[in-house]
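Heads up: the protein sequence lines correspond to chains H and X, in order. Going by our numbering, the first residue of the first sequence is number 16, and it counts up by one from there. Going by our numbering, the first residue of the second sequence is number 245, and it counts up by one from there.
Don't read these hints as lab results, they were simulated from the structure. In this text, a Cβ means the ideal position worked out from N, Cα and C, and glycines have one as well. Just so you know, not all the hints are guaranteed correct.
[To be verified] Quick list of the computed label-pair ranges, beta carbon to beta carbon: (1) H:R75 <-> X:P1046: 32 to 42 angstroms; (2) X:W1041 <-> H:E17: 32 to 42 angstroms; (3) X:W1041 <-> H:R120: 20 to 30 angstroms; (4) H:P180 <-> X:P1046: 48 to 58 angstroms; (5) H:R120 <-> X:E373: 32 to 42 angstroms; (6) X:Q387 <-> H:E40: 36 to 46 angstroms; (7) H:E40 <-> X:P1046: 38 to 48 angstroms; (8) H:E40 <-> X:K388: 35 to 45 angstroms; (9) H:R75 <-> X:T380: 20 to 30 angstroms; (10) H:D73 <-> X:K388: 28 to 38 angstroms; (11) H:E40 <-> X:P914: 18 to 28 angstroms; (12) H:G44 <-> X:R730: 54 to 64 angstroms; (13) X:I903 <-> H:R120: 48 to 58 angstroms; (14) X:Q387 <-> H:P180: 37 to 47 angstroms.
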Amino acid sequence: MERELKEREGLYSLLRALFSYPLTETVLGAVASLAPGPGSPMAPGLRQLQQRIREAVDGRALVEALNVEMTRLMEGPGRVPAPPFASFYLHGERLMGPAAVAARRFYLQWSAMPETEWRIPPDHIALELGFLAYLARRAAEATHDAERWRILQASREFLRRHVLPWLPRFCEALASSTTDPFFIGLAAFTHEAVRLDLEWLDAVLAEHSDSLPSDERTGRSS
Amino acid sequence: MIATKAISRRDFLKLAGASAGGLAAMAALGHGFKTLSASEARQQQEAGKRVVYTACVMCPAECGLAVEVENGVISNIYGNNHVPYNSGTVCAKGVAGLQLVYNVNRIKYPMIRVGERGEGKFKRVSWEEALDYIATKLIEIKQKYGAESVIMDCGDVTDRDPYYYLFRAFGTPHTVEHGSICDTPRRHGPKLMFGGKRIEPDIMRPVLVRQPDGSLKNDYSYRTRLIIYVGWNPFTATRINYESRGTVEARLAGARLIVIDPAFCNTATKADRWIPIRPGTDADLFAAMLRYILENHRDDDPFRRYIDWSFKEYSQGWEEFEAAFRSWWDRKDPLNGLPYFSLEWAAERTSIDAQTIAELAHTFGITKPAALVWGMNGIGHHYNGYVASILGTALNVITGNMEVPGGAIDTELVKSSKGGKASGGDFLKREVTRIVNGREVKGKIEELHMDGYGDWPAAWDDVVGDYPRRFIEGVTLRYGPFRGHRYPIKAFFIRTGNPVITGSNTQKWIEALTAKDETGNYKVELVVYIDTVFLETGLYADVVLPEASYMERMSLSDIYPVHPVLYLRDFVIRPMYESKTQYEICWALARKLHEKGDPDIQPKDFWEKYPTEEDFWNEALRVAPGRPNTGEPLPYPNLPKGYKLLGTPDSLEAGRVQIDDEKKEIRGEPLTVQWLREHHGVAVWPMSWKRFHGGGVLQTDSKKVEFVWDYTVEKDGQVQRKGRYAKYNKLIEEAGETPPGIARLGWQKYPSTFYWFETRWNPYTNPDYAKYREEYPFQVICGRIHHAMSGTQMVDWLGRLPTEDLWMPLNDERVVEEVIIGENGPTPTGRRVRIPRGTWSIGVIQMNRADGERLGLKTGDLVELETPQGFKTRGKVVLVETIRPGVLRLPFGGGGRFSPGLGKTWAFHDITPNQNALVDPENLSPIMGQPAYCDVIVKVRKIG
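Please model the complete structure; the sequences and the hints are all you need to start from.
Quick look at the structure:
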């Protein structure tokens, strides 16, 4: 399990970096280094990402072009095609709705605060993915089993209640607003990664609860 | 659980990192979170509500607010009960504030342009890079062309002091506010005659009044008997907040209301009488009222005692003014053969029948106290607005209505001072040297002003009306020590303003910002846009800087109360994303400039003097209230009468003061940010009336109401020339040149007393335009909708609110192909957004039903308007009875909005009208140079 937990942290850290402006050669290098197993649902998206990176002749020019496109898609100014905030999709195209407040509350319940503090709305995609990486690390470093399960349950709850209600729509907006395969691939990759992680968490937590005394089976963190 | 192939934990991701350490090693990219201690986390949760007292900026009314914050998110906006200006009320714009603060289209990061101006392509950069870019260019521009080639335009949001301070220190005289390209003709009368600005009715309640027993009490009584609003619609404009509730309350207390407006506006719905005047003839009406009053006044008949001669106690020059006015009575108007200012003449011009005009004049004369009040979109927007303003001011004065309880008050003269040294006025006095025609010339920075020493010596308060023409042609100074000096305009900073839509003609602005020189570079080399919202002018910027929204910054309110009231704008939440407050932006830019060796930016003036934001605003507060202890009842009966008051209300009340008999000042404890925070955010000093007596609050040279504006006085055996126009006339005489604006009127210099001239583009009053009557049968005026100029049209609630037959949910159902600005300009993305029918208000054209039917139109038809100069705009018509025939009314800022930052309003920009597309860019009003926005005539053509 150790290995999977660390890989989860790596995956979410990578995803977080891919939605943090600006993209860097380091991050692109990390993407290029991944080897998708055949049949992995993440493979198609990842391959598009990697092909885009491979085709570029000049690394710096690629980074610049991707950042310009990222600005247009997600940063602004003015109306952007794919706003990266949960509230936009869940609360009538407005920001700082209940989803943002809920995300913030969740982070603080785990004594976590973004390094950018509260300047960015807490329901930004990079913050939500980064938080999953944070929880993944805590799960990997947990010294007691009970703690580890608690953290994994929290990760699942966060995915179910905070991320998945809006992520598919965001990914669709992203993919349909660009012709750049990097971002089309990123949308697919991210959607699949998150979906697969939830499947994994469901499976792992179900297995674990089968081995628990019955009164502990439905324990969820608040 | 449904049995499926169990996901093998070993290869759950089927993803391996090829590099050493694999996928797991990517954790090194970081998760972006830090761990807090349990108590830190608890603190962050901020259980419960916080209330912050602050000031709104959804429009320049700047009402006092009490804002609730829960868990770091703003939850509720209420009015601040302790601020008498709005007395706890907030309008629809104010309560919709969160939809601006938390808007997805908000500018979040500094940006630098990629591609051509207007394309809207930017890339995000760090503050470091943005400021470096700006500072480098500024220094280059200063070295090559002089600091005067830089304009810092602070738009229409008033908390601009840091920008004024910085740019004045930098060395330019062009620190400008939007008022300059706004409605200044309507303020000219009060400015000239009182040294003031705005005449408003005495209906702000409560007012804090000294009682006979010495206590201070809030007085809620209304004494007004008559209010006449001329081209002024406070119920929708809400700019003078108290005029909404005050007008209603005053009526309940017995006042009559008359609204004079070509359209039946919201305010008219509460009027006892609506008089649908022809546009552009307010001056004609006022002149007829004055003639009627002078001809019919009887001292011995109480039913005809219109004039209250006590006005002579605090005025001078009335006899000359009256004589000049009367000298027109025997002349015949070439347009209609009738004697000027007679009832028949006015009936011809205004198309109000003579009987009504007589009744109006009589009613105004006989009803006391009364207030004659005029507005922005009427008198302020006509070429001859000055004439109307002077006549209106005279009418209020001679009827004895100024400064009486329930009468009329010039709020500029009585509001609290603020700013002081924090505005940087001292920097303007610095001496500089220029080479002019081969000679070395010394003078003050302020004497380089492009209008005041250029074509417009009567320029309003050092601000600029004559652009964007100057961007293309450059500046040549005509007056003052630097006359003959030429310089280009090389940098344009625009903060919280949108001149492309609201300043002069839209196309002309675009031309000016995109004009290139022979080498293919933009003439204006640097354009910087600073704001929270992304409006059209931002599309033409080289650098976009995110300014903190009004909930995220500190400053002072700027309002129009009837006595001194001042309140704080405070941090409700900290600046979001990477936005910065004005102070932060200016101090950071100052540091950059200083680092790069600019000699004029010194640490001792900036971070050494005002190391924190609060220090800066405390400086701005040091001059408060700055008004004399004068009037009845005397605000502070135990303190010397007539002396200037400085300090907090409580220290003045308790007598904890120092009296300076030499300077005639009473110094209490200085007002500070901290004091305001401890007192519900607001400082309120007492009200009094009759403040014109004994000099009082008047700011003219003579400290009297002046009816003559260029005169001589003898003092200590010396003859001195005084009066506001004397200043300008001296410049003219020194240079031997008449400013082109007034030369066009046939004047050689500014007149010493009453004058008359016609407005332009009016076929009914100016013979030059009579020929257009048939082909261009519609006069176009502009009306307010419930938005702040052009800045709030993306706010959801305000987008759904219909207003006044001008902003109506007549949107057709659109499935909008999303268009983004791609690499090759506008590019459809293929993504579609559906806007259902009737769910968004769009700007429409208000037209009289009979006119529409005669043209074969029905409500919702799309028409094109065209001026004689060929300027066009289009919009849907709304046929109503609530506007006089022959007039079209367009919403201000409501149409033709082509910034993608405006969401759904942008989606309909092709079928909504833009008033500014029609404006004649050469029609600059002759005295101060502002564009005359409502001197417009059009023909109408159905197109859809």
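Hint compliance check: list the failing hint numbers for this structure, sorted ascending.
Those not satisfied are hints 1, 2, 4, 7, 11, 14.
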